[in-house]
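Trainee: Spelled out from the first residue to the last, the chains are:
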Amino acid sequence: MDKLVLLGDEAIAQGAIDGGISGVYAYPGTPSTEITEYIQRSKIAAQRKIHSEWSANEKTAMEAALGMSYAGKRALVCMKHVGLNVAADAFINSAITGINGGLVVLVADDPSMHSSQNEQDSRFYGKFSMVPVLEPANQQECYDLTYKAFGLSEKYKLPVLVRVTTRLAHSRAGVIRRQLLPQKETMIPEDHTQFILLPAFARKRYRGLLDQQPDMEADAASLGFNMIQQGKDRSRGIIACGIAYNYYMEVATRYQLDHPVLKVSHYPVPTAMLQELADSTEELLVMEEGYPMVEELLTGVLKTKYRVRGRLTGDLPRDGELNPGVVARSLGIQVQEGRDIPQVVANRPPALCKGCSHIDMYNALNEALQPYGPGRVFSDIGCYTLGALPPYNAINSCVDMGASVTMAKGASDAGLRPAVAVIGDSTFTHSGMTGLLDAVIEQTPVTVIISDNSTTGMTGGQKSHATNRLLNICKGLGVEEKHIIEINPLKKHHDENTQIIADELAYEGVSVIIASRECIQTASRRKKEAKK
Amino acid sequence: MKTDIILAGVGGQGILSIAAVIGMAAIDNDLYVKQAEVHGMSQRGGAVQSHLRISDQPVHSDLIPAGSCDMILSVEPMESLRYVSFLSEKGWLITNSKPFVNINDYPDVEKIYGEIRNIPNSLLIDADAIAAEVGSRKVSNIVMLGASADYLGIDFSSLEQSIRVIFGRKGEEIVQMNINALNTGKKAARVQSVS
Numbered sequence: 001m002d003k004l005v006l007l008g009d010e011a012i013a014q015g016a017i018d019g020g021i022s023g024v025y026a027y028p029g030t031p032s033t034e035i036t037e038y039i040q041r042s043k044i045a046a047q048r049k050i051h052s053e054w055s056a057n058e059k060t061a062m063e064a065a066l067g068m069s070y071a072g073k074r075a076l077v078c079m080k081h082v083g084l085n086v087a088a089d090a091f092i093n094s095a096i097t098g099i100n101g102g103l104v105v106l107v108a109d110d111p112s113m114h115s116s117q118n119e120q121d122s123r124f125y126g127k128f129s130m131v132p133v134l135e136p137a138n139q140q141e142c143y144d145l146t147y148k149a150f151g152l153s154e155k156y157k158l159p160v161l162v163r164v165t166t167r168l169a170h171s172r173a174g175v176i177r178r179q180l181l182p183q184k185e186t187m188i189p190e191d192h193t194q195f196i197l198l199p200a201f202a203r204k205r206y207r208g209l210l211d212q213q214p215d216m217e218a219d220a221a222s223l224g225f226n227m228i229q230q231g232k233d234r235s236r237g238i239i240a241c242g243i244a245y246n247y248y249m250e251v252a253t254r255y256q257l258d259h260p261v262l263k264v265s266h267y268p269v270p271t272a273m274l275q276e277l278a279d280s281t282e283e284l285l286v287m288e289e290g291y292p293m294v295e296e297l298l299t300g301v302l303k304t305k306y307r308v309r310g311r312l313t314g315d316l317p318r319d320g321e322l323n324p325g326v327v328a329r330s331l332g333i334q335v336q337e338g339r340d341i342p343q344v345v346a347n348r349p350p351a352l353c354k355g356c357s358h359i360d361m362y363n364a365l366n367e368a369l370q371p372y373g374p375g376r377v378f379s380d381i382g383c384y385t386l387g388a389l390p391p392y393n394a395i396n397s398c399v400d401m402g403a404s405v406t407m408a409k410g411a412s413d414a415g416l417r418p419a420v421a422v423i424g425d426s427t428f429t430h431s432g433m434t435g436l437l438d439a440v441i442e443q444t445p446v447t448v449i450i451s452d453n454s455t456t457g458m459t460g461g462q463k464s465h466a467t468n469r470l471l472n473i474c475k476g477l478g479v480e481e482k483h484i485i486e487i488n489p490l491k492k493h494h495d496e497n498t499q500i501i502a503d504e505l506a507y508e509g510v511s512v513i514i515a516s517r518e519c520i521q522t523a524s525r526r527k528k529e530a531k532k
Numbered sequence: 533m534k535t536d537i538i539l540a541g542v543g544g545q546g547i548l549s550i551a552a553v554i555g556m557a558a559i560d561n562d563l564y565v566k567q568a569e570v571h572g573m574s575q576r577g578g579a580v581q582s583h584l585r586i587s588d589q590p591v592h593s594d595l596i597p598a599g600s601c602d603m604i605l606s607v608e609p610m611e612s613l614r615y616v617s618f619l620s621e622k623g624w625l626i627t628n629s630k631p632f633v634n635i636n637d638y639p640d641v642e643k644i645y646g647e648i649r650n651i652p653n654s655l656l657i658d659a660d661a662i663a664a665e666v667g668s669r670k671v672s673n674i675v676m677l678g679a680s681a682d683y684l685g686i687d688f689s690s691l692e693q694s695i696r697v698i699f700g701r702k703g704e705e706i707v708q709m710n711i712n713a714l715n716t717g718k719k720a721a722r723v724q725s726v727s
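Chains as they are written, first to last, in our numbering: chain A, 1 to 532; chain D, 533 to 727.
Fair warning: there could be bad hints in the mix.
Result set (SDA-like, lysine to any residue): computed pairs, CA atoms no more than 20 Å apart in a straight line [stated by the list, open to error]:
| hint | chain 1 | residue 1 | chain 2 | residue 2 |
| --- | --- | --- | --- | --- |
| 1 | D | K702 | A | K354 |
| 2 | D | K534 | A | K204 |
| 3 | D | K643 | A | I96 |
| 4 | A | K354 | D | S694 |
| 5 | A | K527 | D | G544 |
| 6 | A | K3 | D | S694 |
| 7 | A | K204 | A | I96 |
| 8 | D | K718 | D | D687 |
Hints are computed from structural coordinates only; laboratory data are not their basis.
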């Protein structure tokens with residue numbers, strides 16, 4: 001079979017294609033974006049007419065994938081960890097409805113917050129919804145586990161959550177493909193009430209989900225994704241979850257350690273395997289990327305005879321991603337660090353690109369706000385969040401997708417004038433529109449600036465649902481037409497733009513300023529492609 | 533054999549093309565490869581790095597352990613120093629000498645060169661100047677790849693071959709320019725390591 005060199009994300013995508021999906025649904029989000037992009041570029045996916053257009057947000061993606069599953073076909077839905085918060089309502093309830101065609105929910109967590117606002121651990125969502133969770137350790141397992149997850153999903157009639165973290169999502173290695181499976185035919189569920197969560201039906205289905213739990217645990221022990229690797233040195237037993245297994249093996253190979261290891265890639269973790277390791281070793285050391293979930297499961301709150309170490313005991317850091325260094329130290333190895341980084345090295349934080357439209361928007365906004373003083377700009381998630389940094393220092397919040405509009409509304413309700421929201425075009429159609437409707441209903445004095453670069457910029461320039469639709473969306477939501485103003489954020493229009501913003505800041509009602517200019521990254525890419 | 537390399541630079545400088553060429557050459561030689569990249573927010577003009585690991589044995593960790601990296605290959609001088617805690621005692625630091633200045637407090641470049649020269653196995657290559665002579669400043673990343681060639685543990689001809697494959701769809705002219713860049717980079721490194 002073919003050997004490909006793939007990112008973890010790409011291996012997941014190839015595994016899903018070869019596993020016979022008919023659609024992928026997603027909103028871009030680091031570190032999950034490359035899964036959908038790979039399927040969009042794939043020739044086989046095109047031949048098989050696999051749906052791969054972006055969704056407006058993670059909730060619409062999750063629901064559309066559930067709809068495809070309802071109709072009997074296999075579907076993949078992908079998101080970053082905080083995206084699952086957006087999709088949580090649909091996700092948790094999909095465990096109650098169950099599925100028809102295999103449904104895999106791929107979530108990429110971002111410990112160390114390389115490109116995120118928190119490092120929440122999606123394995124808890126698996127536990128919360130009581131569905132099986134798979135956690136690959138390497139690129140081959142990304143492929144294999146995704147490929148097999150659809151069958152597992154159909155076996156239980158439940159969605160299966162596959163969890164990866166940044167390092168695996170964005171690291172390449174060789175991957176061997178399996179046989180390409182046929183796609184499924186359209187077929188409605190046998191039980192016509194399965195997807196109707198009226199309380200009477202939902203209670204029955206929930207009991208069914210509870211009844212399935214022992215089978216899930218038994219499968220996690222027998223299917224082979226979890227395994228106990230024997231070792232002679234029983235002074236310690238290692239529990240290594242997902243990618244943590246690689247770090248342990250790196251250190252074990254280098255320092256010739258030979259502890260028994262429970263490699264965890266399938267949850268719920270079988271009690272029998274934990275018991276076996278605990279009873280045959282003097283203490284347990286738990287290595288997991290993210291929160292100390294398994295460690296907490298083992299230690300509980302009451303003292304037991306077992307000694308368990310990990311992130312909670314300080315043997316590993318409580319936060320941040322793992323690496324070979326911290327894993328070696330947790331095993332009592334003195335790691336030889338290299339040289340100190342010379343003092344002369346200056347920080348080079350990410351910055352808005354030269355010529356970016358957000359820069360001209362912020363320059364005009366800052367000047368217009370000067371009479372009022374700082375502290376009144378609520379912003380959102382995207383490249384324009386970099387407006388928080390010098391020299392702009394232009395924004396005062398960045399919380400979750402769409403929160404700029406609603407926080408500005410709440411602050412305005414509390415008497416803050418002017419209250420400003422700065423939101424990107426794609427973020428606006430993701431989660432900003434409903435908040436704007438709230439403001440319109442009450443005629444709340446807020447100034448909403450939609451900084452429209454006609455793309456989802458931060459994740460690499462994906463298509464934005466907002467492109468050429470913003471004016472009509474705002475009109476449709478009921479914003480007064482004379483207070484929907486389009487500006488061109490260019491240096492040469494600075495004075496004019498500043499005046500427009502200043503006028504709207506003074507207006508006691510809802511204004512929307514749409515500052516439109518194409519992202520310079522996508523513009524130059526487009527020009528290059530036009531040349532070819 | 534085992535070669536652990538940290539590729540360093542600023543977002544947009546083309547370190548992933550270097551990684552792609554080395555990675556393909558390694559796979560063609562039936563070696564194991566793992567390569568961790570940085571995507572997302574940091575790409576916007578920030579410091580970026582890639583951990584590239586090549587070995588004749590399976591590679592476990594996607595990240596290189598601190599203090600054990602065999603080479604830092606950088607397309608920007610200050611960025612080469614950001615990762616010296618990873619470099620092993622005998623490891624090589626090979627960097628482009630041309631600064632990429634996109635921050636206000638970019639330090640005195642002579643101080644940077646001083647720190648680089650303090651590292652026993654280091655090479656400073658004016659890759660931008662060499663690239664301009666070869667035909668385009670855009671190939672300065674491949675000049676740097678050439679400069680590292682003697683220390684990679686991979687056949688030079690394999691590197692040339694993967695350049696042919698990777699740049700092939702851009703036409704013969706671009707392929708030749710990159711091959712020239714690779715060769716000129718290698719020569720420049722040899723001249724410097726002797727002097």
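Trainee: For every hint, state whether the structure bears it out.
Mentor: Quick rundown of the hints versus the structure:
1. K702(D) to K354(A): 27 Å, violated
2. K534(D) to K204(A): 58 Å, violated
3. K643(D) to I96(A): At roughly 63 Å apart (the allowed maximum being 20 Å), I96(A) and K643(D) break the hint.
4. K354(A) to S694(D): Roughly 33 Å between the alpha carbons, so the hint for K354(A) and S694(D) is violated.
5. K527(A) to G544(D): 17 Å, holds
6. K3(A) to S694(D): 16 Å, holds
7. K204(A) to I96(A): At roughly 9 Å apart (the allowed maximum being 20 Å), I96(A) and K204(A) satisfy the hint.
8. K718(D) to D687(D): 13 Å, holds
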